[in-house]
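*Asks:* Take the given structure of chain A and dock chain B with the ligands to it, following the hints.
Protein sequence lines, in the order shown, are assigned to chains A and B. Residue numbering for the first sequence follows this note's numbering, starting at 1081 and increasing by one per position. Residue numbering for the second sequence follows this note's numbering, starting at 358 and increasing by one per position.
Any given hint could turn out to be false.
Covered by chain B, according to a simulated footprint, are these stretches of chain A (three or more residues, beta-carbon under 8 Å) [as the list claims (entries may be wrong)]: (1) 1147 to 1153; (2) 1164 to 1176; (3) 1181 to 1194.
Worth flagging that the hints you see were computed from the coordinates, not collected in a lab. Note that the coordinates shown come from a computational prediction; the quantities given were computed from them, not determined experimentally. Beta carbons are placed, not taken as given, at the ideal position from N, Cα and C, and that holds for glycine.
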Amino acid sequence: MSLLVVRNLYAYRGTVLAVKDLSLIVEQGEIVALLGGNGAGKSTLLHTICGLITPASGSVAFGGQPITSMAAYERARQGLVLAPQGRRIFARMTVHENLLMGAYGQQDHRLIRQRLDSVLARFPRLGERIRQLAGTLSGGEQQMLIMARALMAHPRLLLLDEPSLGLAPGLTHEIYDVIRALPQEGITVLLADQNTYLALSVAGRGYILRSGVVLREGSAEQLQRDTTVVQAYLGNRGRPD
Amino acid sequence: MNDQPEAPVTPRQMEVDLLSRAWKEFVRNPLPVIAWLIFLVLIFLMLRNLLPQGQQPASYSPEQFLRQLLFGLAQGSIYAMLALGYTMVYSVLSIIHFAHGEVFMAGAYAGFFALSAAAQSGLLASDPFLSVLLTLASGIGVAILLALLMERFVYRPVRESPPVVSLIVAVGASLVVQQAFARLFGATARRYPTVNLLAFPWLFPNFGCDSTGADCRGIDLISGRYDVSFLGFNLRLLPIHAVVFAAALIFMLILWFYVARTSAGRALRAVAEDRAVAVLMGVDANRAIVRIFALGGVLAGAAGVLYAFYNHQVSPFVGFLPGVKGLTAAMLGGIGSVPGAVLGGLLLGIVEAIVPSVLGMSAQLKDVLVFGILVLVLLFRPGGFFREITAEKRG
Ligand SMILES: Nc1ncnc2c1ncn2[C@@H]1O[C@H](COP(=O)(O)OP(=O)(O)O)[C@@H](O)[C@H]1O
Ligand SMILES: [Mg+2]
Chain A
1081 MSLLVVRNLY AYRGTVLAVK DLSLIVEQGE IVALLGGNGA GKSTLLHTIC
1131 GLITPASGSV AFGGQPITSM AAYERARQGL VLAPQGRRIF ARMTVHENLL
1181 MGAYGQQDHR LIRQRLDSVL ARFPRLGERI RQLAGTLSGG EQQMLIMARA
1231 LMAHPRLLLL DEPSLGLAPG LTHEIYDVIR ALPQEGITVL LADQNTYLAL
1281 SVAGRGYILR SGVVLREGSA EQLQRDTTVV QAYLGNRGRP D
Chain B
358 MNDQPEAPVT PRQMEVDLLS RAWKEFVRNP LPVIAWLIFL VLIFLMLRNL
408 LPQGQQPASY SPEQFLRQLL FGLAQGSIYA MLALGYTMVY SVLSIIHFAH
458 GEVFMAGAYA GFFALSAAAQ SGLLASDPFL SVLLTLASGI GVAILLALLM
508 ERFVYRPVRE SPPVVSLIVA VGASLVVQQA FARLFGATAR RYPTVNLLAF
558 PWLFPNFGCD STGADCRGID LISGRYDVSF LGFNLRLLPI HAVVFAAALI
608 FMLILWFYVA RTSAGRALRA VAEDRAVAVL MGVDANRAIV RIFALGGVLA
658 GAAGVLYAFY NHQVSPFVGF LPGVKGLTAA MLGGIGSVPG AVLGGLLLGI
708 VEAIVPSVLG MSAQLKDVLV FGILVLVLLF RPGGFFREIT AEKRG
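So that you can see chain A by itself, here it is in the shape it has in the complex (with noise of 0.2 Å):
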């Protein structure tokens, strides 16, 4: 049974229809990348995924139960959950309120305190301003806490829009160590970044988007070997840096 399927989703972003007649599939245990330049609808897909946007026809199937009407917040205590793209965290929380609320629901203290335990020995910055307000941190500490606060929740399913947006590639590489060992964990993830030669670096499988359509999908070495394609739609961006 895959952890994760999506059947001919139709979505729109606005009044512009993002994702057309889409299909995808996570198995347990994956890394899945999702490609694609700007605008090709991987951010519309993940909200879609996790309910902030309800699709207008096509399924969402997670665990093997249909989710497709189910609440967003429902989802995410299902273990189904949105790292968001951009600088999404609590700004004017402390770096410690905005973890706890990464496990928000969880009510067994020992198994946060754990937790966070965990999460701050990945990112020893966040445990050195754990008492700072996060809207204080630098942007690549804020992507770093947006990562760990979705760690809290240890979730099922991780789904990454864009983490290392904007950053420097020292700490690009800092966040994608901490990706490639999420599966031993079991947290299986589907990882959006325009960002192709790094995604596939650390993913099994990928799909392409291009206009909100599935234009290929295949294994990393497939799609990686595949350079005309990466050169076309995905432009220099698919070199490494």
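*Replies:* Relative to the frame of chain A, chain B with the ligands by itself:
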């Protein structure tokens, strides 16, 4: 073929353009227009009030000042409690909860019925403390109920509409509630039953003694008035003012604890900052919004009962002025800021109590003074006056 020059813009067209632009601007941000309207009403009231009166201010004594300061603190804590409701709703929904004054009024009314029942059944005489608690509880309960009804049937249906729509709807709801109360319970003001709540005999051994001086029962917290000489000042003290201030403080501390220190309160702040992301964390935003209205109801209901305890009366229209003043206090403190609402409320209460007599204005002008402050804030400091002091990051 279609190479005619475009028709010149006629004055009529320009007028229409200007009107539609002005309308769009108004829908986007109605506050300046409302400010100017209030300003005009204000000038009208000023003229009407100033003309026939020729009274000169009597000399202003320190006793007067102290008495007004205490009264201002009590009144100000009422405004602060109301301001918190406006500010919390605004921080989550970015709307002005204009019908909040009616929640306050409903609380005062429910308190009136509870207290009257207690008086009739004899409970008030035998156990005044329990009666006061029951009065507060019914005021708070009914206020929560009305606030939740408003959330569900007034604000939720227009949640995705521009702010001006919710403002208009809220004003409408406010009038509907006032009229409904007037039809159901009569439009005339009703007297709150007198409560003699005697307390602290060990602390104030000289108060409340019977004629033999044997049975001293302490100080009357609700209805007492005491002439006290203190450091050479002759003051008339009303314990109810201190009680209102203390009660407001307790309610606000509980609110602060809930919002700042509990996981549910953290969820409320998360929804206020970024509703979509809060939902991604598993927060049910609708439930959070309902909680915000309920919290506002708790504070407004308690404020309504406390206000009626020292104002001694309640009518269907008793919520309007405190409501507008609570809103003014919230704006003064920067709407959306919790410490700003508390500071704004206390400041407004004190200013309103002291300034008219210092300036030798007629006491009737104190409401005009408050509206003047509201207009000035809206026009010149829409972000509030304490932004630097409370240092709250917004936007
Ligand atoms: N807030 C928005 N309102 C209207 N259209 C949008 C909005 N955000 C994105 N779009 C449009 O939706 C389409 C898909 O965008 P998006 O899903 O954000 O792509 P990606 O995440 O791959 O960059 C694009 O055509 C974009 O212009
Ligand atoms: Mg995107």
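*Asks:* Tell me the hint numbers this structure goes against, listed in increasing order.
*Replies:* none
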